[in-house]
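Asks: So in full-length UniProt numbering, spot 1 of the sequence shown is number 1, and the numbers just go up one at a time.
These are calculated hints, taken from the structure and not from any lab test. Mixed in with the good hints, there may be bad ones.
Subject to a maximum C-alpha distance of 30 Å in a straight line, what follows is the list of computed DSSO-like cross-link-like pairs (lysine-lysine) [as the list claims (entries may be wrong)]: (1) K116 <-> K141; (2) K116 <-> K126; (3) K98 <-> K26; (4) K116 <-> K80; (5) K136 <-> K78; (6) K16 <-> K82; (7) K91 <-> K126; (8) K26 <-> K97; (9) K47 <-> K82; (10) K47 <-> K91; (11) K82 <-> K98; (12) K47 <-> K16; (13) K80 <-> K47; (14) K26 <-> K116; (15) K136 <-> K98; (16) K97 <-> K141; (17) K26 <-> K16; (18) K47 <-> K141.
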Amino acid sequence: MNLNDIYTELIMEHNKSSRNRRHLDKPSIIELGHNPSCGDEIALEVKFNGNSIEDASFTGCGCAISQSSTSIMIDLIKGKSKEEALELVEKFISMIKKEITSEEELEELEDAIAFKNISNMPARVKCAVLAWHTLKESINKNE
């Protein structure tokens, strides 16, 4: 099994999983994300505890790319500070734009590295970054 097959399997696993697809009890913010190009929609629920992200979840509908990217992002940001989460957002978007290609620099993204070649499918880029932009908005509004 090559690396692309592993990434595809990871994306499909997160798309089918419901562990991050739920409502939070008393979220600090619910931020809506919408991709008008394809109709993907998410409602990202984030619970902050001071400067850190205590919990996060989402509901919504869309393609496997948008739904799995959201789930993988949530796994990555839980327990992180707002600043760390924003750094991860910037790193993910830079990876998608191919501004960062070093495996060493991308290690911090953990499973989100599965989307590093999504730029080869331009129609799917907005799907992959939807949750990440939505997270950035939710953090900025909670400052």
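Asks: Please go over all the hints and tell whether each is borne out by the structure.
Replies: Status of each hint after checking the structure:
no.	hint	verdict
1	K116 <-> K141	holds, 28 Å
2	K116 <-> K126	holds, 13 Å
3	K98 <-> K26	violated, 37 Å
4	K116 <-> K80	holds, 22 Å
5	K136 <-> K78	holds, 14 Å
6	K16 <-> K82	holds, 28 Å
7	K91 <-> K126	holds, 16 Å
8	K26 <-> K97	violated, 35 Å
9	K47 <-> K82	holds, 11 Å
10	K47 <-> K91	holds, 22 Å
11	K82 <-> K98	holds, 24 Å
12	K47 <-> K16	holds, 24 Å
13	K80 <-> K47	holds, 12 Å
14	K26 <-> K116	violated, 34 Å
15	K136 <-> K98	holds, 20 Å
16	K97 <-> K141	holds, 25 Å
17	K26 <-> K16	holds, 25 Å
18	K47 <-> K141	holds, 13 Å
Hint compliance for this structure: hints 3, 8 and 14 are broken, all remaining hints hold.
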